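As you go down the protein sequences, you meet chains P and A in turn. Each residue of the first sequence is one higher than the one before, starting from 1 at the first, in the numbering used here. Each residue of the second sequence is one higher than the one before, starting from 1 at the first, in the numbering used here.
Think of the hints as simulated: they come from the structure by calculation, not from any bench. Bear in mind the structure is a predicted one, so any value in this text is a computation, not a measurement. Take these hints with a grain of salt, some might be off.
Claimed, not checked - Here are a few chain A residues that face chain P, going by a calculated C-beta distance under 7 Å:
#1 P40
#2 K42
#3 R93
#4 W96
#5 G97
#6 Q99
#7 F103
#8 G104
#9 Q105
Claimed, not checked - Distance ranges between label pairs, derived from CB positions:
#10 E54/P with R12/A: 32 to 38 Å
#11 N112/A with S81/P: 39 to 45 Å
#12 F72/A with N50/P: 31 to 37 Å
#13 R15/P with G16/A: 44 to 50 Å
As the list claims (entries may be wrong) - Some chain P residues near chain A, calculated using beta-carbon distances under 8 Å:
#14 P39
#15 L43
#16 S59
#17 I63
All C-beta atoms in this analysis are idealised placements derived from N, C-alpha and C, irrespective of residue type, glycine included.
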Amino acid sequence: SAVISQKPSRDICQRGTSLTIQCQVDSQVTMMFWYRQQPGQSLTLIATANQGSEATYESGFVIDKFPISRPNLTFSTLTVSNMSPEDSSIYLCTHSLGYTFGSGTRLTVV
Amino acid sequence: EDQVTQSPEALRLQEGESSSLNCSYTVSGLRGLFWYRQDPGKGPEFLFTLYSAGEEKEKERLKATLTKKESFLHITAPKPEDSATYLCAVQARSVWGAQKLVFGQGTRLTINP
Chain P
1 SAVISQKPSR DICQRGTSLT IQCQVDSQVT MMFWYRQQPG QSLTLIATAN QGSEATYESG
61 FVIDKFPISR PNLTFSTLTV SNMSPEDSSI YLCTHSLGYT FGSGTRLTVV
Chain A
1 EDQVTQSPEA LRLQEGESSS LNCSYTVSGL RGLFWYRQDP GKGPEFLFTL YSAGEEKEKE
61 RLKATLTKKE SFLHITAPKP EDSATYLCAV QARSVWGAQK LVFGQGTRLT INP
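Isolated chain P, as found in the complex:
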């Protein structure tokens, strides 16, 4: 199964700023998925990213807040924009439904 490298692993950010999270897959994959894991909560799908088309967002998530790029079949980024403390979570990427996950980005907004 493909290996995913995710960075940064953690960050502490000021409210009102933005953070871009990167995921690099070691082989070409069609679909990539971005999840959020809030403290004490389950993983929730933010959006699905296909190369060459706009990402599709789940209910409760919008492109202005979580813009996603998918420039090729091995790479994707998720930006958390205009951050507030409520955005403090672990953000995870995966591909092909979910057999392999990145190691996660632990974001703390202060």
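Assemble chain A onto chain P, guided by the hints.
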């Protein structure tokens, strides 16, 4: 609405003490049920996928089973290194028609030596 509920939230066992974790689900047409292990500071690690009632899969001290309403993760003679959070997820369809996973909140398992 697709939903996954895991119980218990936390479980503490002695080394060698076997037990089971439960995952109850409601989904429109089950396409797959996934089990993961998640260690602190890491992403979920895939363990099993089950597709139909009656199916069972094993890996070392773990065995997953599936019925039409729930799945169990049986842990036989666990060791301290089995301590982790175990996540259950069902394959569902998003509002866009694409496939996605709906996760439970996990069971935090601690094995004491």
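Now for the hints, and whether the structure bears them out:
Interface hint at P40/A: violated, since its Cβ lies 10 Å from the closest Cβ of chain P, which is beyond the 7 Å cut-off. A least Cβ separation of about 6 Å between K42/A and chain P falls short of the 7 Å threshold, and the interface hint therefore holds. Taking 7 Å as the C-beta cut-off, the interface hint given for R93/A is violated, the closest approach to chain P being about 12 Å. Annotation: W96/A was flagged as interfacial toward chain P, and the flag holds, the nearest CB pair being 4 Å apart, inside 7 Å.
The restraint placing G97/A at the interface with chain P is violated, with a minimum CB-CB distance near 9 Å, outside the 7 Å limit. The beta carbon of Q99/A is positioned within 7 Å of a beta carbon in chain P (closest approach about 6 Å), and the interface hint is therefore held. Annotation: F103/A was flagged as interfacial toward chain P, and the flag holds, the nearest CB pair being 4 Å apart, inside 7 Å. The beta carbon of G104/A comes within 6 Å of a beta carbon in chain P, closer than 7 Å, and the hint placing it at the interface holds.
Residue-level restraint check for Q105/A holds (minimum Cβ-Cβ distance to chain P is 5 Å; threshold 7 Å). E54/P and R12/A have their C-beta atoms about 46 Å apart, which leaves the hinted 32 to 38 Å range violated. Taken as a hint, the range 39 to 45 Å holds for the pair N112/A and S81/P, whose Cβ atoms sit roughly 44 Å apart. Remark: the range hint 31 to 37 Å for F72/A to N50/P is upheld by a beta-carbon distance near 35 Å.
Checked against the hint of 44 to 50 Å, the pair R15/P and G16/A passes, with Cβ atoms roughly 48 Å apart. A cut of 8 Å between beta carbons decides the hint on P39/P: the least distance to chain A is about 11 Å, and the hint is violated. Nearest Cβ of chain A to the Cβ of L43/P: about 4 Å, under the 8 Å cut. The hint holds. Hint status for S59/P: holds, given a least beta-carbon distance of 6 Å to chain A, under 8 Å.
Taking 8 Å as the C-beta cut-off, the interface hint given for I63/P is violated, the closest approach to chain A being about 13 Å.
When the structure is compared with the earlier hints, violations turn up for hints 1, 3, 5, 10, 14 and 17 and for no others.
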